[in-house]
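Colleague: Spelled out from the first residue to the last, the chains are:
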Amino acid sequence: MPNVLFTSFSIRTITVLFVLVLGACASEPKSNMQMAVAEASVQHANTSSTSENANGQLQIALSKLDRARQAVIDKDYERAQQLAEQVELDSQVAELHAQSERSRKAAQETQNAANVLRDEINRKTPH
Amino acid sequence: MKNRYLYLATLSVVLAACNSMPANRNSQLDQATEHFKLAQGDSQVSALAPEELVRAGESLRIAELAWMNGDKTDKVDHLAYMADRRVVIAQETASSKTAQNVTASAAAERDKMRLEMRTAEADTAHQQLAVAKLDTLQKEGELSDVKDAAARSAENLERSDARVNDLEYQLKDLNARKTPRGMVVTLGDVLFDTGKSALAHNSSHNMDKLADFFIRNPQRTATIEGYTDNIGSTSSNYRLSERRANAVMKMLVDKGVPQDRLSTHAYGEESPVADNASAAGRQMNRRVEIVFSQQSGDVSEK
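Chains as they are written, first to last, in my numbering: chain G, 11 to 137; chain S, 1465 to 1766.
No lab work stands behind these hints, which were simulated from the structure alone.
Mixed in with the good hints, there may be bad ones.
What the hints assert, rightly or not - According to the in silico footprint, chain G covers these stretches of chain S (three or more CB under 8 Å from chain G):
| id | region |
| --- | --- |
| 1 | 1525–1531 |
| 2 | 1607–1615 |
| 3 | 1729–1740 |
Said to hold, decoys possible - Derived DSS-like pairs: lysine-lysine, alpha-carbon spacing no greater than 27 Å straight-line:
| id | chain 1 | residue 1 | chain 2 | residue 2 |
| --- | --- | --- | --- | --- |
| 4 | S | K1714 | S | K1642 |
| 5 | S | K1611 | S | K1576 |
| 6 | S | K1539 | G | K40 |
| 7 | G | K85 | S | K1539 |
| 8 | S | K1636 | S | K1539 |
| 9 | S | K1673 | S | K1714 |
| 10 | S | K1561 | S | K1576 |
| 11 | G | K40 | G | K85 |
| 12 | G | K40 | S | K1603 |
| 13 | S | K1576 | S | K1636 |
| 14 | S | K1642 | S | K1603 |
| 15 | S | K1636 | S | K1714 |
| 16 | G | K115 | S | K1576 |
| 17 | S | K1611 | S | K1642 |
| 18 | S | K1597 | S | K1611 |
| 19 | G | K85 | S | K1536 |
| 20 | S | K1673 | S | K1611 |
| 21 | G | K115 | S | K1561 |
Here a beta-carbon is modelled for each residue, glycine too, at the ideal position from N, C-alpha and C.
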């Protein structure tokens, strides 16, 4: 599951990256590239499941992306680069947190089902 | 390498402390280091997210290097933040995998329980089936007993029917007739010489049949009744009828019929069956009648 996630993550990242890099060859290549990665990461992480299970983490990534964009506008490219790097990891954290929440809920449900079944068996066979 | 940096870091901290200078530590870096140590000490994280943990360690080292190089605080802060995020990524990955393992083992447990339940149900069903089979067998046994009994009584009925049919058939051969008193066989006077009570020789065939009938129907009893015509005195006729009845009885006893099943009765000229005015009528009146008991009871007297 994580492998699949990261694979699709990489493909989308590379695609978006490619387009943006081509368009921004002339100026500030480094921060533009990292901005592209950040945009792609947030886009990938911004799903209903993530906003449901890891809303706080997602909001951090989104607001930081805004700040990075603003830094680019302000021509503070170093800051933009840093924020873009952070956005990439913040997006991953949001996604992973959402995933672990889903897994935790699934585990809870399965355990509950197992308990119900156990109760049922104990009730059916009182000896 | 790491030890040397650690050593240097420690040394600088110690030096800073010695100089009574304000702690020149980077709080973000300290926090990241603290988090990393926690994650490293967590067996779940080190077991389930080892690669992520290594990357977090590398990130942390880069941050420490930057700090030791005296890089700008915001750069160190940034690198420390990155390291901290990598630690969180390792932790989330581990907790995700832990939950997935729980799900898998709980599902396995549930499958196992389901199997146990099915097995138990199957066992119960088998037991119930066995009990039901036993029940069925018992009932079949009872049923066959009842059937046997029914068959036996039907057979008995058939046998007694056969016996009755046989009885009527046998007696029919002797020109028996049904009367309110029971089956009556009339032995005509041709069996006797006139005025004699000894049975004529040719009568023995009929007497054999009669004896045979008594032997085959051991519950039957009979009364042997003697009758005469009105020639001669009433008393002599009475004695004649008695002698003839006795003669018939003696012959039957001689042929093997137990005497206690036979009795005699002399009627003399009583109960003529025809007119004594003609020779033919008188001949019909000279007779011995054998009256068979209707069931096992007595022959009703006239």
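Colleague: Each hint should be assessed against the structure and marked as holding or not.
Modeller: Do the hints match the structure? See the list:
| no. | hint | in the structure |
| --- | --- | --- |
| 1 | 1525–1531 | violated (count 0) |
| 2 | 1607–1615 | violated (count 0) |
| 3 | 1729–1740 | violated (count 0) |
| 4 | S:K1714 to S:K1642 | holds, 25 Å |
| 5 | S:K1611 to S:K1576 | violated, 51 Å |
| 6 | S:K1539 to G:K40 | holds, 16 Å |
| 7 | G:K85 to S:K1539 | holds, 17 Å |
| 8 | S:K1636 to S:K1539 | violated, 140 Å |
| 9 | S:K1673 to S:K1714 | holds, 15 Å |
| 10 | S:K1561 to S:K1576 | holds, 22 Å |
| 11 | G:K40 to G:K85 | holds, 13 Å |
| 12 | G:K40 to S:K1603 | violated, 94 Å |
| 13 | S:K1576 to S:K1636 | violated, 86 Å |
| 14 | S:K1642 to S:K1603 | violated, 48 Å |
| 15 | S:K1636 to S:K1714 | holds, 23 Å |
| 16 | G:K115 to S:K1576 | holds, 22 Å |
| 17 | S:K1611 to S:K1642 | violated, 37 Å |
| 18 | S:K1597 to S:K1611 | holds, 20 Å |
| 19 | G:K85 to S:K1536 | holds, 19 Å |
| 20 | S:K1673 to S:K1611 | violated, 39 Å |
| 21 | G:K115 to S:K1561 | holds, 13 Å |
In terms of the numbered hints stated before, the structure departs from hints 1, 2, 3, 5, 8, 12, 13, 14, 17 and 20, listed from lowest to highest.
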